[in-house]
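Colleague: When you get a sec, could you build the whole thing from the sequences and use the hints?
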Amino acid sequence: MERGQLHSSRSFTLEELASEVGGVAEGNPAQSISGVAGIREARQGEISFVANQRYTRFIDDTQASALILAPGMGNGHLPVLRTEDPYLAYLKILRLFSPLPAERFLPGVHPKAVVDPDALLGKDVHLGAGVYVGAGVELGDRCVLLPGVVIMDGCSLGEECLIFPGVVLREGVQLGRRVVIHSGTVLGADGFGYAWDGKRHQKIPQIGGVEIGDEVEIGANVTIDRATTGMTRIGEGCRIDNLVQIAHNVQIGPNSIIVAQAGISGSTELGSGVTVAGQAGVAGHINIGDGVVVAAQAGVTKSVEDGVCVSGYPARPHDEAMRHLAALNKVPELIRRIAKLERELARLREDSSEETVGQD
Amino acid sequence: MERGQLHSSRSFTLEELASEVGGVAEGNPAQSISGVAGIREARQGEISFVANQRYTRFIDDTQASALILAPGMGNGHLPVLRTEDPYLAYLKILRLFSPLPAERFLPGVHPKAVVDPDALLGKDVHLGAGVYVGAGVELGDRCVLLPGVVIMDGCSLGEECLIFPGVVLREGVQLGRRVVIHSGTVLGADGFGYAWDGKRHQKIPQIGGVEIGDEVEIGANVTIDRATTGMTRIGEGCRIDNLVQIAHNVQIGPNSIIVAQAGISGSTELGSGVTVAGQAGVAGHINIGDGVVVAAQAGVTKSVEDGVCVSGYPARPHDEAMRHLAALNKVPELIRRIAKLERELARLREDSSEETVGQD
Amino acid sequence: MERGQLHSSRSFTLEELASEVGGVAEGNPAQSISGVAGIREARQGEISFVANQRYTRFIDDTQASALILAPGMGNGHLPVLRTEDPYLAYLKILRLFSPLPAERFLPGVHPKAVVDPDALLGKDVHLGAGVYVGAGVELGDRCVLLPGVVIMDGCSLGEECLIFPGVVLREGVQLGRRVVIHSGTVLGADGFGYAWDGKRHQKIPQIGGVEIGDEVEIGANVTIDRATTGMTRIGEGCRIDNLVQIAHNVQIGPNSIIVAQAGISGSTELGSGVTVAGQAGVAGHINIGDGVVVAAQAGVTKSVEDGVCVSGYPARPHDEAMRHLAALNKVPELIRRIAKLERELARLREDSSEETVGQD
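Those protein sequence lines, which keep their order, are chains A, B and C.
Those letters in the first sequence? Residues -12 to 347, by my numbering.
Those letters in the second sequence? Residues -12 to 347, by my numbering.
Those letters in the third sequence? Residues -12 to 347, by my numbering.
It is possible that some hints are incorrect.
Pairs count within a copy or across copies, as identical chains cannot be separated in the list.
What the hints assert, rightly or not - Simulated pairs of lysine to any residue, SDA-like, Cα-Cα distance not exceeding 20 Å:
1) K79 x H188
2) K190 x G253
3) K99 x G109
4) K289 x D306
Calculated directly from the structure, the hints in this document are not laboratory data.
Modeller: Structure follows, in structure tokens:
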């Protein structure tokens, strides 16, 4: 196992792995496997996979000690775990080698953690050095708060939340069960609301909350603002990537995906199973239907109905946007064709006036 | 009041609220009100408002115990606070229910805060757990520094600044009075300046500072870089949203607004009352005049004169950009019209040559 | 020296500075210089420079006590450091006045730092208050970790790394020598990988690492994710600005520059000496050749060959993109020309049919 990786120290025989993933061990079933990696990066003792014909050319040079292959794929003389779906088998084996948070972060409160006497800690929580837990906070069983996490007054966290170093939960933020939040993310900062009074931008107090559903995972350096009144809500099973901005009073349905550096403006509602790709922006006070896909860097200015894929700025249905772009690419040709038409028409007009002259 | 919100625990009668906002209590002036919320989210004991005809349809189903309404609006049998401007009244009442920082964060230095002996603390400051205050720092009276804030050497903060958890002020950053900075924001990191010497990008030292005017509010995970030499300056009363980038030596005039994920490049100057909307970018070394509005996702590559609204990439005056987009939308139709012209012209030419032939 | 700046407290005579930069002192060689600044912001005792004719108009009003000027430039009666390349001389003098990290952050471990007994600290390291260093971490000699930095288990840092407050290095992150990381940056958070199983987005474990080459500098609030397996790699000498997103398994060649708020999607490879300008996005699983320049706000969807400059969305070679934009700007004119063609053609057809009629 290469230094710097998160591999557990487990090892398995090829046969054990085959039985875990419902495949067949070929070559040397007793081959010991201590890790898993991509075909080009795998080292001795590791298993790799080829799910895509593009990568078969790397088989001969790989350092891997075994390969996960679909039926009929050549193996370069390596032991093989044969299975119908090599990628799925790879994911299952990745999980076998991936240490669980509970293994990595054992229960216990570091002496340099600060816990308000008025906080309620569940069983077997892990609080790292420099963690701060405010008054009235409720931590579910087996929550893990890593060094430097700040949980302000009145927050509640369901069971088995995993909060990475440097996360800040402002007052009253509510997390469901098994929520994972990566480092540097801020939940519950004030929404961005001001009213111009002729002299200054008067702050509109932001006294609502933030509610995160079960099994949501939120990336690093994300910001999800608290509602003006009521709640900013992220539905269960959502996946939010790094550096995403979710403004006050946004509502996101379950199992939606927001990719890195995208932004959702205030009070907008997203349905379930929505995908907002990287660096896209969605305007405020609109509705994005279930299953909508917003392409990367799109700018969505109007509501979008269920199941539609939109792209471009201003965003429109993706096939329409593609036709639009294709049409725009013809403009240089149009310029030439128009110039030609103008010349021909001029000539024709001349001819016709000459004719007329000739007929006189 | 719903769990997770920041409401104070105050309550008022409807009549008291009416007198606070200059309105009239109708129905039951003694109705006790303990909170304020949107029409769809309000609960028993809370007051809500309708400022927009679109929302009157929610009046019959609201759980609110009273409504703020304009003259002539129906009330669904609820007690009413009648006023000419329901939204303004709502804002005032929001403030009544919003706890003040001074109420939430009482004076005192947490025993786990670290304060350099060479720092000067004003009266009644609040320093949370894990706060670090470096040498030569000056904190004004009633400043609040929440857990995990790092104030490096030589910074100065005016009276009543409110610094949320995890903020970093690098060396020498200067804040005016009543500045509010949300979590994860970094002021005074080195500007991004290098000179290629043929082998590597040699760092240009960044030894200038950052100066933030009175009553500025800065969102979460923002970055405002220190100047190369001189100062990066944010004028008084500016409002900066989350994840905004302000590069070295930028100058922003008073009361400007920079919305989430926008970026201002190095040495650019913004006038007063400028608005830069979400995900917009402004190039370096240009001037953005007073009152300019930069639309969302715009890319501003040249200076913009006072009062102009620009949009698109490259950004141009918004009405021109709208006409440009409208023109582009006609391209598919132009393609058809040109093809038709070509066919007709071809036919006409044939006819005219046949005529000519016929005349021979 | 203005309050809030990072100037060292050194001072030099004009003659000493001239000899440092290979120039000539004119006027008063004994003039004492205690700082350096731009022409408009310089104060008494400071030296400034004019490298650009646009700035000569500020010479008469400057408060500077001396000027760095090219041969033949007028000096407004101030002492002059005369040199062929005033900007280069300015950079050298900036460095003279810039305090070195080793001067600012003396060796020592703050009593409020937390260091795992199983960490290895090099000689003369500086660990600030509230720093956390996990098990198995290796810190090179003279590393500086400022307040609130969190280094999780198994990380390794080469000599003389400078890590600013609030940075988080997740498990196993590896830094080369003299790496500088600004505040709020997160290295090694989980890559964004899920597989939809029909009910939920199953997490793909992210067990790879992050490897940062020698002398890389990374801005504030950046996110660089760990690889799924293998490594996310940033080559030596790269410069990464604030709020940049680098996804899992990205490989960046040496001496590349990524400007603020740009994003590189998963598994994409950048060559050496690449520049990705502000707010640009690069899609996943593509190759960006050596020396490529991606313009600000561009969206790169396909691989780009060595040395090409691309811009726009979807990105294309910059000169082609410029011609495309120029063509699009002609569309309003095209609309008018087509309408004119249609009118003229209609008239011609009428004429020709009249003629035909006349001939009958």
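Colleague: Could you run down the list of hints and mark each one as holding or not?
Modeller: Evaluation of the provided hints:
Proximity of K79 and H188 under a CA criterion of 20 Å is satisfied inter-copy only: 14 Å between copies versus 54 Å inside one chain copy. In this assembly of identical chains, K190 and G253 lie within 20 Å of each other by CA distance solely inside one copy; the values are 15 Å within and 29 Å between copies. For a Cα distance limit of 20 Å, the shortest separation of K99 from G109 inside one copy, 19 Å, qualifies, whereas the shortest one across copies, 24 Å, does not. For the identical chains of this complex, K289 and D306 are neighbours both inside a copy (17 Å) and across copies (19 Å), given an alpha-carbon limit of 20 Å.
Figure legend: structure checked against the earlier numbered hints; every hint is met.
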